[in-house]
Amino acid sequence: MTDQPNSSQLYLITPVGAAASTLGPMLADVMDRFPIACLRIPGAGSEEELGRIADLAREIAHARDVAVVIDDHVALAQRHGLDGVHLTDGARSVRYARKELGQDAIVGAFCGTSRHDGMNAAEAGADYVSFGPCGPSALGHAAPAELDLFQWWSEVIEVPVVAEGALTPALIGQLAPLSDFIALGAEIWSEPDPVEALAHLWR
Numbered sequence: 010m011t012d013q014p015n016s017s018q019l020y021l022i023t024p025v026g027a028a029a030s031t032l033g034p035m036l037a038d039v040m041d042r043f044p045i046a047c048l049r050i051p052g053a054g055s056e057e058e059l060g061r062i063a064d065l066a067r068e069i070a071h072a073r074d075v076a077v078v079i080d081d082h083v084a085l086a087q088r089h090g091l092d093g094v095h096l097t098d099g100a101r102s103v104r105y106a107r108k109e110l111g112q113d114a115i116v117g118a119f120c121g122t123s124r125h126d127g128m129n130a131a132e133a134g135a136d137y138v139s140f141g142p143c144g145p146s147a148l149g150h151a152a153p154a155e156l157d158l159f160q161w162w163s164e165v166i167e168v169p170v171v172a173e174g175a176l177t178p179a180l181i182g183q184l185a186p187l188s189d190f191i192a193l194g195a196e197i198w199s200e201p202d203p204v205e206a207l208a209h210l211w212r
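Residues 10 to 212 (our numbering) make up the sequence shown, in order.
Treat the hints as calculated values from the structure; they're not laboratory data.
Don't be surprised by glycine CBs; every beta carbon is placed ideally from N, CA and C.
Possibly wrong hints are sitting among the right ones.
Here are the in silico distance ranges between beta carbons for each label pair [said to hold, decoys possible]:
1. V25 with R124: 25 to 33 Å
2. P201 with G144: 35 to 43 Å
3. E200 with A53: 16 to 24 Å
4. R104 with G60: 19 to 27 Å
5. E167 with Y105: 34 to 42 Å
6. T31 with E205: 28 to 36 Å
7. R104 with G26: 29 to 37 Å
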């Protein structure tokens, strides 16, 4: 848990396209300074490089008691001892991933801005649902996820919700009381000093 007045936790996304050789020190530095609840590996790149990143991320995260999930790659998650998957196709693959990975695995689902997809994913057994982008972004294909979506979800649905995509300090301030997790990735890795960038966002 964070020491913020709200109860949202920090969910960290590794940089897209990062090489395993350069990722380790950056990741360890950030994870040593902030209370990360979950680490997610984007699914872009060759399977060989993703495997190297998975091994590195697992070693760094598990040493700090942090769970690791990867976008969509169910078989890779199994092979590399990760804690689960983050599915980018809404509710469609939740049951398949759960069957393959078992009841103890983490299965999350990105549902864009769709309440319907979110509810279907929750009913199919997702451990969390992610909505976004929360600001102008290439993530997702619709208008940004509105605050009232998170407000409704937090009041009606028990499955945890993640806010992600194009987050600013102002948006985080609004979303944190309504979300179980705040997911940050590109917002910090695109900056010269990711630790400083995260400190600015996560206050």
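Status of each hint after checking the structure:
no.	hint	result
1	V25 with R124: 25 to 33 Å	holds, 27 Å
2	P201 with G144: 35 to 43 Å	violated, 21 Å
3	E200 with A53: 16 to 24 Å	holds, 20 Å
4	R104 with G60: 19 to 27 Å	holds, 26 Å
5	E167 with Y105: 34 to 42 Å	violated, 23 Å
6	T31 with E205: 28 to 36 Å	violated, 18 Å
7	R104 with G26: 29 to 37 Å	holds, 30 Å
Hint violations for this structure: numbers 2, 5, 6, all remaining hints satisfied.
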